[in-house]
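Construct the entire structure; sequences and hints are all you get.
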Amino acid sequence: ALPISEVYFDAMQQLGIVASDVVYNSMIAVYASAGDVVGVEQLLNDMDESAVSKDVVTYNSAMSAAAKAGNSERAMKWFWEMKRSGLQPDAVSYVSVVSACVAKRDMKEAERWLADVIKEKVESTAVFNCMIDGWGKVGDAKAAADVFEQIRRHSLQPNLNSYNALINAHAKAGDMSSALSAMSGMRRWGLRPDIVTYTAIVGGFANAGNMAAAEEWLENMRTTGVEPNAVTFGTLLKGCERQHEVL
1 ALPISEVYFD AMQQLGIVAS DVVYNSMIAV YASAGDVVGV EQLLNDMDES
51 AVSKDVVTYN SAMSAAAKAG NSERAMKWFW EMKRSGLQPD AVSYVSVVSA
101 CVAKRDMKEA ERWLADVIKE KVESTAVFNC MIDGWGKVGD AKAAADVFEQ
151 IRRHSLQPNL NSYNALINAH AKAGDMSSAL SAMSGMRRWG LRPDIVTYTA
201 IVGGFANAGN MAAAEEWLEN MRTTGVEPNA VTFGTLLKGC ERQHEVL
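Take the sequence shown: its position 197, counting from 1, is numbered 197 in my numbering, and each next residue is one higher.
If you are wondering where the hints come from, they were derived from the structure by calculation, not from laboratory data. For clarity, every value in this text was computed on a predicted model and none was experimentally measured. Certain hints may be false.
Claimed, not checked - Below, computed lysine-lysine pairings styled on DSS-like, alpha-carbon distance capped at 27 Å:
#1 K119 with K137
#2 K54 with K142
#3 K172 with K142
Here it is in structure tokens:
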């Protein structure tokens, strides 16, 4: 079944109504949310054929689709196309390109883009969070911690996502002492651990084979009013599998 937005869009075209840039941007956002790069490309081509101007919102949505699809090449293509058209990329633009590189696990390219972010003075907590998450995914907790420290050096404040990405990076690396230290840090800054935080801690202990600690933290999260989800239990089951246990 077609999304309702696409049904309306097709009806407009059948009636000969020329869609505005606002309409096209809305449609591109719909496709971007699904990571549908092909659909976004078609809409961008339609805009060219209909002589509808593209703006920063258009390109940011397109690059967001590429980021979701892990298509860094397409994200960069649209970034440079935006610049050639005379538009100035903003912080969101850079976050999308960095996210696309991270999704592809291409941290060298992501680092080059982060250097551009700093050079152009469009730093944001979001772009640093992307980098922390990326280093965590490739197993480099030290690099993740280094990026975390850069947040405040650039006069920004780490948020819940910053701490969760850092905690997850340490937990995946098996450094539970650093993961718990980061969790204490977030509390000192008035941030309350959420389901992502606790799942990272539970998963870290489970992956390390310390099922007693994993179960203890499962109980801790429940006592704070945070209920475990399927991902939380999945990490526990993986830990049991490694130890050939059956709970």
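Any of the earlier hints contradicted here, and which numbers? Hint 2 is the one this structure does not satisfy, whereas the remaining hints hold.
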